[in-house]
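Trainee: Spelled out from the first residue to the last, the chains are:
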Amino acid sequence: MSHILTMIAQRLALGLVTLFVVSLIIFLGTELLPGDFAQEILGQSATPETVAALREQLGLNDPMHIRYLGWLTDIVQGDFGESLANGQSVAGLIGGRLVRTLQLASYAAAIAVPLSLVLGILAALFRNSFFDRFANASALSSISFPEFFVAYILIFLLAGANGAFPSTAINISRGDPNFTEYLHVAFLPALTLTLVVTAHMMRMTRAAIINLLSSPYIEMARLKGMSPMRIIVKHALPNALAPIINVVALNLAYLITGVVVVEVVFVYPGLGQLMVDSVAARDMPVVQGVALIFAGAYVLLNLTADVLATLSNPRLVHRR
Amino acid sequence: MGFLTGLLWLAAAIIAAMAAGWLFRTAAVAVTPRGVSKELKTAPLTASFGMLMIIIYILVAFLAPVIAPFSETEVVGPEFMFPGDDPAFVLGTDNLGRDMLSRMIYAARNTVGIAFVTTALAFIIGSVLGLLAAIVGGWLDQLLSRTVDVLMAIPALIFALLLLTIVGTSIINMILVIAVIDSTRVFRLARAVAMNIVVMDYVEAAKLRGEGLWRLITREILPNAMAPLVAEFGLRFCFVFLTISALSFLGLGIQPPTADWGAMVKDTATMITFGNVTPLLPAAAIALLTVSVNFVVDWQLHRASGLKE
Numbered sequence: 001m002s003h004i005l006t007m008i009a010q011r012l013a014l015g016l017v018t019l020f021v022v023s024l025i026i027f028l029g030t031e032l033l034p035g036d037f038a039q040e041i042l043g044q045s046a047t048p049e050t051v052a053a054l055r056e057q058l059g060l061n062d063p064m065h066i067r068y069l070g071w072l073t074d075i076v077q078g079d080f081g082e083s084l085a086n087g088q089s090v091a092g093l094i095g096g097r098l099v100r101t102l103q104l105a106s107y108a109a110a111i112a113v114p115l116s117l118v119l120g121i122l123a124a125l126f127r128n129s130f131f132d133r134f135a136n137a138s139a140l141s142s143i144s145f146p147e148f149f150v151a152y153i154l155i156f157l158l159a160g161a162n163g164a165f166p167s168t169a170i171n172i173s174r175g176d177p178n179f180t181e182y183l184h185v186a187f188l189p190a191l192t193l194t195l196v197v198t199a200h201m202m203r204m205t206r207a208a209i210i211n212l213l214s215s216p217y218i219e220m221a222r223l224k225g226m227s228p229m230r231i232i233v234k235h236a237l238p239n240a241l242a243p244i245i246n247v248v249a250l251n252l253a254y255l256i257t258g259v260v261v262v263e264v265v266f267v268y269p270g271l272g273q274l275m276v277d278s279v280a281a282r283d284m285p286v287v288q289g290v291a292l293i294f295a296g297a298y299v300l301l302n303l304t305a306d307v308l309a310t311l312s313n314p315r316l317v318h319r320r
Numbered sequence: 321m322g323f324l325t326g327l328l329w330l331a332a333a334i335i336a337a338m339a340a341g342w343l344f345r346t347a348a349v350a351v352t353p354r355g356v357s358k359e360l361k362t363a364p365l366t367a368s369f370g371m372l373m374i375i376i377y378i379l380v381a382f383l384a385p386v387i388a389p390f391s392e393t394e395v396v397g398p399e400f401m402f403p404g405d406d407p408a409f410v411l412g413t414d415n416l417g418r419d420m421l422s423r424m425i426y427a428a429r430n431t432v433g434i435a436f437v438t439t440a441l442a443f444i445i446g447s448v449l450g451l452l453a454a455i456v457g458g459w460l461d462q463l464l465s466r467t468v469d470v471l472m473a474i475p476a477l478i479f480a481l482l483l484l485t486i487v488g489t490s491i492i493n494m495i496l497v498i499a500v501i502d503s504t505r506v507f508r509l510a511r512a513v514a515m516n517i518v519v520m521d522y523v524e525a526a527k528l529r530g531e532g533l534w535r536l537i538t539r540e541i542l543p544n545a546m547a548p549l550v551a552e553f554g555l556r557f558c559f560v561f562l563t564i565s566a567l568s569f570l571g572l573g574i575q576p577p578t579a580d581w582g583a584m585v586k587d588t589a590t591m592i593t594f595g596n597v598t599p600l601l602p603a604a605a606i607a608l609l610t611v612s613v614n615f616v617v618d619w620q621l622h623r624a625s626g627l628k629e
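If you're matching them up, the sequences are chains A and B in order.
Residues 1 to 320 (my numbering) are what the first sequence spells out, left to right.
Residues 321 to 629 (my numbering) are what the second sequence spells out, left to right.
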């Protein structure tokens, strides 16, 4: 068991190193920003004296590595600085929106993961049938569709004057909706994300199971007279778990970042919307904070995928 | 009832597409010289349809000023007209009263052209560095591979947004940013493919003959790494195209008044709640092109893997 712990520790360390380099890239980005940071904050009308005073106050006159260390210590303590646009603390801006984005991503995952597993198993069971071909073709097309196309088709079909669902999720930012209200308002964004990720997960599930179907022990089970459903669920699925877990985690990581476009379409008050607004305004501290959080979530999910895939394989757990 | 008619329309569209694919394949087999037509015969209907669509897109992009009824940026009528309201504007007008059909046609030129340039740039950077890493090996390989590992740990769209904040939003910046990000993916593939080739005996022989680095890359390794790289080019093009459309949709990519499908969806988005399909048209144009390219790539990949068996 100890080498599993060692492996997890190694992966964690690697993830930390990655995050460190990411923070370095994000910080250096600000350094490369053309023009003076203090000038940028104060605008065109600032006198040279006020600019110099602000530079002093922000510590911009210190050498680069000292400022980087200061910035990093602040972030580790949860202080992301202040927004250039409105002077609010970035941590405060991010906090509530992070929860909203995670809610949306888990809502979509709660639909997409079971759906794609069931569809993948069915496609493997009825392979080369009409159902299988239809599922494959729609998977290929849904990968090629831009997210906003899927989103607007859903709005066109399910929202509008006499539709069952609201076409924007802007109400979430106004009141604090209760659970059922939230499910109703956020249904279309969640469904869009579901449609975007389901195809890939389904295809990989099908491929992972079909890969195993030619192995001798499956042949044996078939000759014993087991039903095809039982062969797949009882015998093939446990061995196909590792690739399936991997692709599920990858798609969850995609969900975290894929929310950007979907949030903008549905005016959903999440991190992605915040990031797009801040990029347009070149509000560097906010973009840095959000990018760091997105990168952190992405790295963490990839790491979880690695560890879980290893744990699901007894040969790797009980290695001699 | 509405659902059933929708399904019927979908089925009709699929049948029409397959028929078009079949017609195109038959015509293409008849016109092209022998070697090409032999390969074309093996194309499935989906791939034939894909090729037909790609050719149409290219033609529209090149002939844009000839086909388009109005100019790209001219305000020609009232705002927010539905398709079919006025026979002069077949697809209606957008939020400023510009003709949708003309802008769709010009956008084929702008969006597809920019996506193609970006992909080509990403490919040149990625494959040259990937091949170099595989041939030279040692510290260069380590340095490049570790850098790419870290860059790939940041989600692509987030990274693009971050870099665009730093350098500011403009078409040139967007091309460079996306090319750099996508070249990391190309690097991975090019390096993996070349790794299997550099250990071959004939490469060893070429090295002993005293061939230089450039000649090694262009004459010995590249010809044998071409097939997977070409398929990857198609897939990359789809990703780049979708990223550019997404950025333009977010208002951070191709800037107005240049016509672009992603930005056109954004401009006309409010019309969808009034039951107007206009915003879906540019989005569908994006989807149709990516699906077509994917169909063709799928066929090529299948062919490449079939030859190995």
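None of these hints come from the bench; they were simulated from the model.
The structure displayed is predicted, hence computed values, not measured ones.
Be a bit skeptical, because a hint or two may be false.
[Unchecked claim] Here are a few chain A residues that face chain B, going by a calculated C-beta distance under 8 Å:
1. Leu5
2. Pro146
3. Thr180
4. Val287
All residues carry an ideal CB built from backbone N, CA and C; glycine is no exception.
Trainee: Is the interface hint for Leu5/A satisfied, with its Cβ closer than 8 Å to some Cβ of chain B?
Mentor: Interface hint status for Leu5/A: violated (23 Å vs cutoff 8 Å).
Trainee: Was the hint right that Thr180/A lines chain B, CB cutoff 8 Å?
Mentor: violated, 24 Å
Trainee: Double-check Val287/A for me: the hint is only fine if its C-beta lies closer than 8 Å to a C-beta in chain B.
Mentor: Given a least distance of 5 Å, the restraint on Val287/A holds.
Trainee: With chain B as the partner, please determine if Pro146/A meets the hint condition of a C-beta pair closer than 8 Å.
Mentor: holds, 5 Å
Checked against the numbered hints above, the structure breaks hints 1 and 3 and satisfies the rest.
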